Amino acid sequence: DQQVKQNSPSLSVQEGRISILNCDYTNSMFDYFLWYKKYPAEGPTFLISISSIKDKNEDGRFTVFLNKSAKHLSLHIVPSQPGDSAVYFCAASFTSGTYKYIFGTGTRLKVLA
Amino acid sequence: GAVVSQHPSRVICKSGTSVKIECRSLDFQATTMFWYRQFPKKSLMLMATSNEGSKATYEQGVEKDKFLINHASLTLSTLTVTSAHPEDSSFYICSAGLGQINSPLHFGNGTRLTVT
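Protein chains in written order, with this note's numbering: chain A, 1 to 113; chain B, 114 to 229.
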């Protein structure tokens with residue numbers, strides 16, 4: 001039972017344009033969501049997070065949107081740069097629990113120069 | 114801050130041998146660390162939660178006698194893959210957090226284990 005889903009395994013975007021990565025979850029008890037970026041043979045690097053009390057969080061080129069009613073979050077990267085090419089994972093957690101993160105299956109982003 | 118170091122980054126071992134992977138929090142103390150495993154082109158699967166000074170909590174389907182976890186100090190957790198088999202070949206990643214609400218986990222760089 002995949003509680004966190006990223007339905008697009010890959011995405012290609014032209015440099016300078018917006019990248020939109022999507023993530024859906026099924027458990028309404030999740031209250032903390034994160035995006036991680038991962039290069040091959042490396043651990044994930046934290047990008048941005050959002051608590052369920054918010055619907056948007058912005059950090060530089062990265063913005064995460066949360067739609068609780070749809071159980072959907074998205075990561076917007078604008079403008080996209082070639083260095084953004086990586087696999088992006090969304091993760092969900094319960095803050096009242098023990099930091100157990102449930103990860104999505106990842107989306108491979110390729111930014112074309 | 115919040116740097117997690119994992120060692121070794123890559124290890125090749127023969128079937129039947131045991132391999133130890135170390136995870137250290139370099140600039141903070143972590144009462145809890147997490148061990149993940151990633152299969153090729155798959156998501157990160159939580160294997161176990163490592164608690165300092167007590168037994169690890171394993172996820173369903175993870176053999177605790179095969180994957181021994183020790184969290185002897187606030188900055189070090191180890192994962193030992195015992196009697197390794199080729200199907201144990203995978204990418205293992207540890208993570209730790211600052212223990213604050215709504216603060217993210219930080220990951221080590223992972224260990225690529227190949228069992229021949």
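Calculated directly from the structure, the hints in this document are not laboratory data. Please read all numbers here as calculations on a predicted model, not as lab measurements. Be aware that one or more of the hints could be misleading.
Restricting the straight-line Cα-Cα distance to at most 20 Å, the calculated cross-link-like pairs of lysine to aspartate or glutamate (DMTMM-like) are [what the hints assert, rightly or not]:
#1 Lys-100(A) with Glu-165(B)
#2 Lys-100(A) with Glu-176(B)
#3 Lys-37(A) with Glu-58(A)
#4 Lys-37(A) with Asp-24(A)
#5 Lys-154(B) with Asp-24(A)
Going by beta-carbon spacing under 10 Å, a handful of chain B positions derived as facing chain A [claimed, not checked]:
#6 Tyr-149
#7 Thr-162
#8 Phe-204
#9 Leu-218
Beta carbons: idealized from backbone N, C-alpha and C, even for Gly.
We went through each hint and held it up to the structure:
1. Restraint check for Lys-100(A) and Glu-165(B): the C-alpha separation of about 16 Å stays at or below 20 Å, so the hint holds.
2. This hinted pair checks out: Lys-100(A) and Glu-176(B) have alpha carbons roughly 18 Å apart, not beyond 20 Å.
3. A distance of roughly 16 Å separates the Cα atoms of Lys-37(A) and Glu-58(A); the hinted pair therefore holds under the 20 Å criterion.
4. Pair hint Lys-37(A) plus Asp-24(A) holds up; C-alpha atoms about 17 Å apart against a cutoff of 20 Å.
5. In summary, the hint linking Lys-154(B) to Asp-24(A) is supported, as the alpha carbons are separated by about 19 Å, within the 20 Å threshold.
6. Because the smallest distance between the Cβ of Tyr-149(B) and any Cβ of chain A comes to about 8 Å, under 10 Å, the interface hint for this residue holds.
7. A least Cβ separation of about 6 Å between Thr-162(B) and chain A falls short of the 10 Å threshold, and the interface hint therefore holds.
8. Hint status for Phe-204(B): holds, given a least beta-carbon distance of 7 Å to chain A, under 10 Å.
9. Interface restraint check for Leu-218(B): the shortest CB-CB distance to chain A comes to about 6 Å, inside 10 Å, so the restraint holds.
No hint from the list above goes unmet by this structure.
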